[in-house]
Amino acid sequence: MDTIAPTSEETMAKINDGFYTIIWGPGTWTENRTDGVVKSITVVIKGWLTDSAPMINKTTSSDEIVKHVDWTQDATITSVPFTWYVPNDLQTTATWHGHQHPHNEANDDTYLPLMKQWLTLIKATDKYTEEYNSVVSQLDTL
Amino acid sequence: MPLPSSPNQISMSDIAVEKKGSGLPSGGYWQNISLKGLSVNSVTDFSYYNGDALITADYTGTPNSSAPYGVGEFHGYAHALQTVSNVQNYTSGNAASFVRVLPNYNGFGSLTVEYQLVMKTTQVGSNYVATLYVEETANGLGAYNSTFMNTGTLYPIQTVTFTQANWPDSYALDHSVNANSAPGGSIATTTTLLGGTGETHTSGSNWDNSTKELLNPTTGTAFKVRHTTTAECWYGVATYDDTISLKFIKSGYPTFTAATFTIDTEVDLEHTGICP
Chain A
77 MDTIAPTSEE TMAKINDGFY TIIWGPGTWT ENRTDGVVKS ITVVIKGWLT
127 DSAPMINKTT SSDEIVKHVD WTQDATITSV PFTWYVPNDL QTTATWHGHQ
177 HPHNEANDDT YLPLMKQWLT LIKATDKYTE EYNSVVSQLD TL
Chain B
2 MPLPSSPNQI SMSDIAVEKK GSGLPSGGYW QNISLKGLSV NSVTDFSYYN
52 GDALITADYT GTPNSSAPYG VGEFHGYAHA LQTVSNVQNY TSGNAASFVR
102 VLPNYNGFGS LTVEYQLVMK TTQVGSNYVA TLYVEETANG LGAYNSTFMN
152 TGTLYPIQTV TFTQANWPDS YALDHSVNAN SAPGGSIATT TTLLGGTGET
202 HTSGSNWDNS TKELLNPTTG TAFKVRHTTT AECWYGVATY DDTISLKFIK
252 SGYPTFTAAT FTIDTEVDLE HTGICP
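Protein sequences, first through last, are from chains A and B. For the first sequence, the working numbering gives the first residue as 77, with consecutive numbering after it. For the second sequence, the working numbering gives the first residue as 2, with consecutive numbering after it.
With the rest of the complex left out, here is chain B (with noise of 0.2 angstroms):
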């Protein structure tokens, strides 16, 4: 939780606890804590004994890396947001992989493949649990784990348990696209990233890094992402590498950022016949 605002006193040890994100356990001490190093990144914050060992750190994070140096600087800072557990569900390179062939098109040919983000909230214990979900919709085949997906199922990519006292205010799903053609020709590539359907919510249009409440277990937001692929004439493949981080954010704390994953669509549209 973040250091008491000014007037209140703070101990250096105090600061060693928010940068460590615990204290130490019985018969565990503080050594040489450096006013210095714990303003200023890559400089030695201080040595603690766990009851185990004597381990010498470094915690990158500052309110101000700049001489003079001042406890008073570090009122109400927070380190870190804390999460009980940050848990990456895949085990692939990508996240979700998506592909979609347009074969014996003659002429004109235009091919869409739409994905679905979704964010549901749960309960565990007393803990409050948010699950990034990527869903395969009719456009297109999805692949999880190396395993063709069932369109309507959700795959986790992304589980992050809070306690209740930690739980965020808000979440973002941060986007960008890489798209890519061989050949290059007479083909466009967009992407278009939309309100997504069948959850409790909807995300809304153009949802790129759009911050959303994160509501109370349980409930479900659903957001999607379509790749449109037009051509003429045009024997080849589109990719698009959609890179998305989701991002928490809690008042006094940091942004935290709990993943970055990428998913990738293939399309792949094969010309025959006259070309017009």
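Bound conformation, chain A alone (with noise of 0.2 angstroms):
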């Protein structure tokens, strides 16, 4: 067993007090389509202190509550909308399931693994981490 360090008596001022929980994706965002296909992108990103985030229980299917924030609320920091281009490439009509039931499977199995590439693509951009930073420090305003 280990041997627990001894601790001290001194107290120190706390310097790093973010705790934050950020969302975005589909359920932030604006898909901008022509003709059903996806070519633009409006993301917003949503942050809240993690201690206030609005929470919702979800019992899944082996009967086990799992909280997780509801997303759909409004956040206590909403970044300024910012627009991102779809590659040609990665252009598509499929569209995200919502958590909606039931899912439309072959659906899915284009629309999520190119989102996927989407959000790496989009935390890449400057504008991302632009808005991403201006959300985190309003947040350590609070």
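Be careful, since some hints might not be right.
Selected chain B positions facing chain A (Cβ under 7 angstroms, derived; list incomplete) [stated by the list, open to error]: (1) N179; (2) S182; (3) N207; (4) N210.
If you are wondering where the hints come from, they were derived from the structure by calculation, not from laboratory data. All values derive from a computational prediction rather than experimental measurement. Using N, Cα and C, we set each Cβ at its ideal position, and we do this for glycine too.
Once you've looked at the hints, go ahead and assemble the two chains, each given alone in its own frame, into the complex.
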């Protein structure tokens, strides 16, 4: 058994106080489509202090309760929307399931892998970094 | 070292030495030492000739910035805890990065990423050294300076060397985390701070900003960070951005923050099949 490290009576002011929950993706963005094909995406980033994020319970298929953030609610801080243009080879007519049942598996099999690539590409943009940092810095002031 | 306490005499140049962190070389001299400047931040403290050039300086830190300003207010004042050296050992933007993927799960999925921080103390010559390391565990693949880590190997984040006289009494790791998930949906992200394993000491749980004695060489204390992602029918990415500061404290000195660094973790959950 590991020996517990001796603690000290000293107190230090805490300096890293950021405990944030940030969500973005197809639940918060708008897909701009032409003839059903996604051409561009208007991205919005939502952020909450973790302690005050709106939580809902979801009962899983194995009867476990999973608490997760209700991303549909208004955020404490919402980014300025920005538009990202979808590369030609990553455009699709498939749509996000929005957690509505029953799922269309054929649609999901097309949409979800593309969505994952969109997420990676959007995260790599300067605009995402700027807006994400803006959300964090605004949460820092609360 | 802190200035003498009352009723010992202190001079303006004693205060200047304390704020500068060292005296002047042979042939050097102080000029225009301002009591207001020493007491008020952003007001010039003094100029000094270092044998080479005349330098005008302002050091942040004061025992009392309100007028009237008095030399006596500096009794017992310590400007900063001095180190022999304070070196950042990693060269990437993050001190380390971890990733783990749960592919092809059906229904309910859960994935844990764990890594350890290890504080080790050693002696080099007559000096004492405190080095903070990051360590990959079996739960998650790590990268350090853009190279894959080996489980159980210690990778240095920050190395702080003190004289034995300046060896701090205690230290703390000050932690916060931003959890990001995309897309929104049936996902929960939780972070737990646990006692680490494999060293002479374990931190115990909930170690955020908990002050530990800085033990004399040679010891090691392990701290564990666990990120747990649970989801059902969720196909997406969760990231955890940990921000951690290494802080030292020694009686009579202000807290010394040796480093602030980030460690990021990415968890991919890829659901396939029927969503129940």
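These are the hints, each one checked on the structure:
1. Because the beta carbon of N179(B) sits about 4 angstroms from the nearest beta carbon in chain A, less than 7 angstroms, this interface hint is met.
2. Using the Cβ-Cβ criterion of 7 angstroms, the hint placing S182(B) at the interface with chain A is satisfied: the shortest such distance is roughly 6 angstroms.
3. Evaluation of the N207(B) hint against chain A yields a violated restraint, the C-beta minimum of about 11 angstroms exceeding 7 angstroms.
4. With its C-beta approaching chain A no nearer than about 5 angstroms, N210(B) sits inside the 7 angstroms limit, and its interface hint holds.
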